[in-house]
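Q: The listed protein sequences correspond, in order, to chains A and B. As numbered in the working numbering, the first sequence has no gaps in its residue numbers, which increase by one up to the final residue, 357. As numbered in the working numbering, the second sequence has no gaps in its residue numbers, which increase by one up to the final residue, 357.
Be aware that one or more of the hints could be misleading.
All copies of an identical chain are treated as equivalent in the list; a pair is satisfied when it fits inside any one copy or across any two copies.
[To be verified] Derived SDA-like pairs (lysine to any residue); straight-line CA-CA distance at most 25 Å: (1) Lys357 with Glu17; (2) Lys103 with Glu269; (3) Lys12 with Asn107; (4) Lys337 with Gln165; (5) Lys196 with Lys322; (6) Lys354 with Asn79; (7) Lys65 with Gly140; (8) Lys354 with Met292; (9) Lys101 with Gln172; (10) Lys322 with Gln197; (11) Lys259 with His212; (12) Lys103 with Lys314.
Quick caveat, the hints were computed from the structure, so don't treat them as lab data. Note that the structure is a prediction, hence the values are computed from the model and not measured.
2 protein chains.
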Amino acid sequence: MIENQFTKLFNVEYPIIQAPMAGGITTNSLVSAVSNAGGLGMIGAGYMSPEQLRSQVKELKLQTENFGVNLFVPNDFSLVEHKIQAANEALVSVQEKYKLEKNTSIPTKESFLENYFEQIKVVVEEKIPVCSFTFGVPTKSIMNDLKRAGISTVGTATTVQEAIHIEQLGMDAVVAQGYEAGGHRGSFLKDKQRSIGVMSLVPQIVDHVSIPVIAAGGIMDGRGLAASLCLGAKAVQMGTAFLVTEESGANHIHKEAILQAVEEEIVETRAFSGKYAQGIRNQYIDIMMEFEEDLPEFPIQNALTQPMRKAAAKNKDKGYMSLWAGQSPRLAKYQTVKKLIGDTIFEATKLIK
Amino acid sequence: MIENQFTKLFNVEYPIIQAPMAGGITTNSLVSAVSNAGGLGMIGAGYMSPEQLRSQVKELKLQTENFGVNLFVPNDFSLVEHKIQAANEALVSVQEKYKLEKNTSIPTKESFLENYFEQIKVVVEEKIPVCSFTFGVPTKSIMNDLKRAGISTVGTATTVQEAIHIEQLGMDAVVAQGYEAGGHRGSFLKDKQRSIGVMSLVPQIVDHVSIPVIAAGGIMDGRGLAASLCLGAKAVQMGTAFLVTEESGANHIHKEAILQAVEEEIVETRAFSGKYAQGIRNQYIDIMMEFEEDLPEFPIQNALTQPMRKAAAKNKDKGYMSLWAGQSPRLAKYQTVKKLIGDTIFEATKLIK
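Could you put together the complete structure from these sequences and hints?
A: Laid out in structure tokens, this is it:
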């Protein structure tokens with residue numbers, strides 16, 4: 005089970021990727037611990053400036069040779085003034101609570117795209133071994149730049165069609181992101197696509213592509229790894245399980261919330277960022293429920309809620325933080341990365357041939 | 005892998021249950037083929053009168069000794085006149101299309117309960133080996149009657165809490181019905197519960213009960229069986245895979261629709277029965293989308309749409325039939341039950357220890 009198409013291609017001992025969770029979780033302490041324990045550590049660089057990314061990568065290279073970076077592919081979005089105003093009005097009570105100013109630095113399409121192109125430049129110049137993408141796929145010209153630099157590429161698919169699209173573009177592997185997955189849903193061909201569960205998504209994608217498929221969603225231990233390999237995946241991408249480890253940079257409140265949560269509390273919401281993402285239900289999500297459909301698109305809504313999320317984290321107020329988590333919180337354990345990876349491999353090896 | 009807690013308790017060769025799909029699919033030709041191929045065939049008796057059930061069981065006993073029956077536990081419901089009127093108005097265009105009369109035989113709470121009690125009587129008197137329940141659990145007094153008659157009982161859970169509830173009642177096994185599953189969702193402790201994917205639901209339930217857990221949702225072949233056993237399930241319940249077999253009593257149009265469908269077409273709707281159920285999106289579901297939240301409860305809506313569903317089936321019009329299916333239609337194959345079970349076991353045995 006241990007050596008396969010994925011481990012060879014990505015030069016790792018074990019078929020485990022640490023999901024590239026954006027927003028301060030994937031510190032070098034987490035990423036290097038994963039890579040040094042035989043998995044593939046990933047920097048969730050979606051929200052990073054090129055300078056932040058370059059500086060983290062330079063430091064990380066002192067700790068490990070093999071790691072990856074994940075980027076958000078910019079979507080087209082429109083600035084609908086009345087939606088922004090409505091979203092700001094919905095946030096008034098929260099702004100008053102924390103004595104916050106309205107966030108008026110709304111991202112423009114140009115700045116959004118420019119940041120992405122600069123991130124790509126860092127990836128190429130620093131010859132980062134693996135680059136994965138969420139919310140879309142890179143252009144052919146970017147693909148060529150990455151290939152020329154010897155960088156392995158990974159796409160994120162939520163349907164069979166998206167996986168086929170990723171393979172046809174020449175990417176090296178595809179993450180099959182199922183309904184159970186925490187955080188942002190990576191759909192890109194259709195916006196209002198209904199999510200597909202891992203049990204259905206993985207084998208249907210496996211039957212339609214020849215690049216390695218990486219299962220993601222709800223996988224927390226050796227049972228999940230073994231099950232994914234049975235479904236035809238060549239590796240797994242685990243998020244929540246790594247988020248709660250000792251080495252993770254996630255806020256302590258976030259880790260505690262997951263460790264105490266049950267599966268029924270996990271919901272999907274657009275209220276934090278404008279894109280659908282899965283996490284623990286809290287006061288903010290409940291308040292925003294009625295506005296859900298009318299909120300501005302990503303990344304506008306994300307910018308509007310940023311001051312609130314920062315203030316809430318500072319005040320240890322989990323009612324207004326984005327507590328991303330997958331659907332298996334009962335399986336989360338506070339432990340070291342080494343123990344998580346070691347136990348996962350040990351348990352999976354006992355189950356499958 | 006083949007012999008375990010489940011196969012011993014349910015006296016079967018293989019850990020495979022054919023899902024008890026109600027509404028004419030589970031003919032004796034299907035049920036006996038499953039049981040005689042080493043699985044557990046089930047009659048979906050939810051909509052049957054006691055007489056229909058008794059007559060099918062008497063005939064089935066000539067073909068196999070081991071089989072089960074599934075019953076719908078009656079929910080409380082209210083007759084909200086304006087909702088019934090609104091639902092009937094929404095159906096007018098369809099009624100005109102097929103020159104149908106409005107269905108005025110709305111079930112009463114009394115008739116609904118009486119039918120259920122009479123079904124239980126048949127199960128006890130005919131000493132049907134296995135009785136499973138959907139939409140709730142039997143009362144303690146019914147449980148006692150079933151136990152005294154030596155009948156094994158199975159509950160349906162969509163959350164950890166529901167599984168614990170089922171175990172505490174003294175049932176022998178629990179179906180963990182995940183998000184991927186086709187047909188009706190069996191939730192009973194909370195009505196508006198968000199579904200949990202199989203990858204998350206099964207191990208979390210396994211960690212909280214000691215009775216055998218039966219995985220359900222999206223499982224179509226040996227990969228799905230092997231994966232479920234890795235997650236800690238002791239058996240699987242497969243619906244869509246059996247629905248499309250040669251022996252199944254499903255309408256030919258329904259089988260064809262599944263064989264041609266892709267995963268993106270599978271949606272959840274209350275429009276046919278008043279309870280959430282999963283199937284292939286069609287014209288009727290699209291028309292009813294806007295009324296979804298305001299439709300009468302089960303079994304009222306089910307009664308209101310029955311004439312339409314019958315007429316549509318007769319006219320081979322898949323736009324107005326309830327085309328229940330799980331999220332893995334691309335894995336469906338038109339084949340014999342024997343081949344389906346044989347291949348599933350062969351493939352799973354190659355994958356797991």
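Q: Check each numbered hint from earlier against the structure, then list the numbers of those it violates in ascending order.
A: 2, 3, 6, 7, 8 and 9
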